[in-house]
Amino acid sequence: MVCPRCIDAVKGILREMDRPDADVELGIAELEKKFSEKEIQTFQSKLEQKGFDLIFDRDAELVSMVKSTLIKYLETIEKEKNPPKLSQFVSEQSNYNYSYLSKVFSEQKGSTIENYLIELKIERVKELLGFKKYTLSEIAWRLKYSSVQYLSNQFKKVTGSTVTQYLRGKNIKRKVRDQI
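Per our numbering, the sequence shown starts with residue 1, numbered consecutively.
These aren't lab readings, by the way, just hints derived from the structure by calculation.
Mixed in with the good hints, there may be bad ones.
Here are the simulated EDC-like cross-link-like pairs (lysine to aspartate or glutamate), alpha carbons at most 16 Å apart as the crow flies [to be verified]:
hint: 1; residue 1: K173; residue 2: E119
hint: 2; residue 1: K72; residue 2: E25
hint: 3; residue 1: K144; residue 2: E61
hint: 4; residue 1: K126; residue 2: E78
hint: 5; residue 1: K81; residue 2: E138
hint: 6; residue 1: K157; residue 2: E114
hint: 7; residue 1: K109; residue 2: E78
hint: 8; residue 1: K175; residue 2: E138
hint: 9; residue 1: K175; residue 2: E127
Since we're looking at a predicted model, the values are computed, not measured.
Go ahead and model the full structure; you've got the sequences and the hints to work with.
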């Protein structure tokens, strides 16, 4: 689960299963009472119908938690004047050592935590550009890029196209967060 709509979808499934007591957050659902094997199969089936996966593997669970934490970090970057360093934020939010999480994330995803954050940031840039409310300078400032040039270079590296090409609609689509 990587967005509020995802949380609502999972809560809806749990209500359908008469389990409204669940505490659902980004990437995690905690139940007061364990599911039976049949309930797990039903829950997994309903999740898959909505495009979600039920995770049992500890490393996959950690990766999911890191992804959720990075989404929170991106929100923090935009809201706070001086946000914490990425490693500090992830460690504090997860109660895990950043080096350990970084190792697990890289092994599972074949990419680094930092690269995943860059992809999230570029998707946010696309979203903000779509509003046609902000200049590229304002977007760079909001997302704590050191310069517009650095943002532009990173955009091209990730998407293969320039910001101008994106604005002209040159075959660059936005990605859904859980597909990053």
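Status of the hints after comparison with the structure:
1. K173 x E119: 13 Å, holds
2. K72 x E25: 12 Å, holds
3. K144 x E61: Given pair K144, E61 is violated - Cα atoms ~29 Å apart, limit 16 Å.
4. K126 x E78: 15 Å, holds
5. K81 x E138: Answer holds: K81 to E138 is near 14 Å, not above 16 Å.
6. K157 x E114: 14 Å, holds
7. K109 x E78: 26 Å, violated
8. K175 x E138: 22 Å, violated
9. K175 x E127: 10 Å, holds
When the structure is compared with the earlier hints, violations turn up for hints 3, 7 and 8 and for no others.
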